[in-house]
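Asks: In case you want the letters, here they are:
There are 2 protein chains.
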Amino acid sequence: MASKPTIGFAGLGAMGGGMATNLVKNGFEVYGFDVYQPLVDKFVQAGGRAAKTPKEAASHADFMVSMVANAAQNSGLLFEGDDAAVHGLGKGKTFILCSTTPTKFPAEIRKRLDEEFNRTDVKFLDCPVSGGTIRAADGTLSIFSSGPNEDLDAAKDVLECMSGNLYRMGDITDGTKTKTIHQLLAGTNIISASEAMGLAATVGLNTQAVADAVNKSDGASFMFENRAPHMLNSDWSALSALGIILKDTTIVTDAAREISFPVPLANTAHFTYLQGVQAGMLKEDDAKLVQLYLPNSQGELVAEMSKADVKMNSSHQVSKETIVDLLSGIHLAASVEGMAFCKELGQDRKLMYEIISKAAGWNAMFTKCIPGMLEKDSWSLAECPEATEVAKKLSEAVEKCRLIQYPCPMAAAALQKYTFASLENKTIGSQGRDGR
Amino acid sequence: MASKPTIGFAGLGAMGGGMATNLVKNGFEVYGFDVYQPLVDKFVQAGGRAAKTPKEAASHADFMVSMVANAAQNSGLLFEGDDAAVHGLGKGKTFILCSTTPTKFPAEIRKRLDEEFNRTDVKFLDCPVSGGTIRAADGTLSIFSSGPNEDLDAAKDVLECMSGNLYRMGDITDGTKTKTIHQLLAGTNIISASEAMGLAATVGLNTQAVADAVNKSDGASFMFENRAPHMLNSDWSALSALGIILKDTTIVTDAAREISFPVPLANTAHFTYLQGVQAGMLKEDDAKLVQLYLPNSQGELVAEMSKADVKMNSSHQVSKETIVDLLSGIHLAASVEGMAFCKELGQDRKLMYEIISKAAGWNAMFTKCIPGMLEKDSWSLAECPEATEVAKKLSEAVEKCRLIQYPCPMAAAALQKYTFASLENKTIGSQGRDGR
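These protein sequence lines are chains A and B, in that order.
Note that my numbering has the first sequence beginning at 1, numbered continuously upward.
Note that my numbering has the second sequence beginning at 437, numbered continuously upward.
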């Protein structure tokens, strides 16, 4: 234990608290800082040490890890005021950025360290994480580490303690770009879970049975499996607040805008999150967005099943299979959109496939269809053999939503992608365009 | 004529060339500058005077008008280098910004004049225009003028000479915000024309007859009437390049992002334009985007009618009326989105109604439905009595597109807005949600 480096840790919230405590459990001495004192107290009870300022945490640290919420908070704790971490960090020590930030941000940090604070000695690693609160506490996160190889080597023990899957992506910004691509999938998967479960509830299906069926089907995703229980239990206790995924889809869509690359599914997810903000849900669990689709139910999915004011008859034809088809169709379109974005951002597609397969952005269609597309490396649905059948089923699901006037922005946007692809390639839409 | 002020004019392209020449025709002495010498030569042939630099144009000017393409070009001509206009402008002279720029830009210009160049004496007016090349040359543009009242008074003769409809919006940035709201409509109307005409061509309707019918119907818009002839004649000679409307939808969606306001139709238009860029159409006429919907035809709409490889039968049921329903449905949803955005940006809704009714963002549903909503000032489709019927017809049009696998991203996105609205209010969707 004596040989382990000392850690400074900033941001002891849902993710950071678990990560810091896991480091403590594994024998690291950790000085934790948070602007919210009760989080620091909780960390101390779990065996951590309290730091009153970022500077104090940094002054003890061989490695200063940051898991605060966003770029502004990172700039603040690193650079602003006399208590900033930059004034505490010892010569040659390392700052590890684990927060999800805009793709330009890591280079900004390096530049400010070098030019504004004359701290070229400070090592800086860009290491965003994925996996949610449980994996954070277990030390089994996916970590997309990037920076100079020798500095990554030196930080290996710390990074390995926090991660189940530790990837090396290249130089700084590559880690953050990887996370951005990953969040395109995370962001589309989360809102799709609400769209799907809202549909199941609206037509009076057994929502628990639907969730069970989805988890065993092509419609499965990490996010669906994680969020559906929140909906089924009406548990809106902000395990991951809407504001977090909204920040991430902002980063995704901003990065796409910078390179003029169209990401219609990510955009649709983004403005559906904004609708949630307008409905007052910014600080609540993102799974609560199911209420957008169930305005009269306050999102009580189980209660919804027996509601008599939604007069259902058998003609709607929405079944468990419809829900699966809706999700599969969205997930495949989003998977291809994500890989196209990956290529456009210059990141390695084969490595990205491995990463997403094991991370929170995973969905069943991704592992089913992406491997067959890696060789050709051409990211259009027109290049995906499975797309024809998936599109046909998605089209039928969207039609069923239309008939009962159920909103399905993600499914509708996905269907447009398949339809454009069908113009590109006779693989899809081989029936021709002559109606049915 | 001796009493008329002297004008400097920067940007002699499709719009600016017409505006500057119109000023010359009306007896103003105009010093024109453009980076592209042939445009200056053409202007001199039309009676204008040539300026070799922005500084030279400005040095003669009582009023320096700028109609260059974007914010970067304005910053360049005003501030960059020894030849910048700021060094030519005489004491107390006026700079009139007519270009469409981001909502933050006018305030930036004022600040740089005051603080960076110590030119508080220079008057600055934020006066974006709308109307297209014909109205530019005729001096019948809509101008959204803003700035200090006394400076607007002093510039009245110049502004009136260029405009058919001259509005006073308030202080600087209000003019640009007005243009931004207007461009939400212009941007959604332009791409909708392509979506509609592409559908007509795909199913083998007489495209000229469809265009004629649309122009007399609820599906009419300024942009449809203007752009459909380009499609019918396969005239892609960049009367208004894709890059221009793409810049404008970037401004619209950026402004919406800054205030976290969802504008799904503007976003859908924006990424459809990006698809056009990816297809290599950046510098071509924006009407050429109809080719996105007709990949095998190179957009030859008339030729498309007789194409045998698109095997049509009567089952598709797409008629002239379907095209009208598709456009009406998109236009109403976009009109309400635009007015909601107007409210969010703090601009006057009644004045905006007047403005758009007479400008290039006009569509028939706007004048049909918006007046009835002004009193309540609540901008949801749920508040629009006509929306129920419009949504029903749009839904049927989208279904017909689905059956023939025709892409209709604008119609699909619009339909989602009606569907969400139907959850808000029983006004729409009064059939209940029990299928049909």
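Mixed in with the good hints there might be a few duds.
With beta-carbon atoms standing in for the labels, derived distance ranges [said to hold, decoys possible]:
hint: 1; chain 1: A; residue 1: E321; chain 2: B; residue 2: S755; range: 28 to 38 Å
hint: 2; chain 1: A; residue 1: D82; chain 2: B; residue 2: A486; range: 55 to 65 Å
hint: 3; chain 1: B; residue 1: D593; chain 2: A; residue 2: D82; range: 44 to 54 Å
The hints are simulated quantities; they were obtained by calculation from the structure and are not laboratory data.
Remember, it's a predicted structure, so these values are computed and weren't measured experimentally.
Cβ atoms here follow ideal geometry from the backbone N, Cα and C, with glycine treated the same way.
Asks: Taking 44 to 54 Å as the stated bounds, is the beta-carbon spacing between B/D593 and A/D82 within them?
Replies: 58 Å, violated
Asks: Is the distance from the Cβ of A/D82 to the Cβ of B/A486 consistent with 55 to 65 Å?
Replies: Given range 55 to 65 Å: holds, Cβ gap about 59 Å.
Asks: In this structure, is the beta-carbon distance linking A/E321 and B/S755 contained in 28 to 38 Å?
Replies: Once the Cβ atoms are compared, 34 Å apart, the range 28 to 38 Å for B/S755 and A/E321 holds.
Of the numbered hints listed earlier, the single one contradicted by the structure is hint 3.
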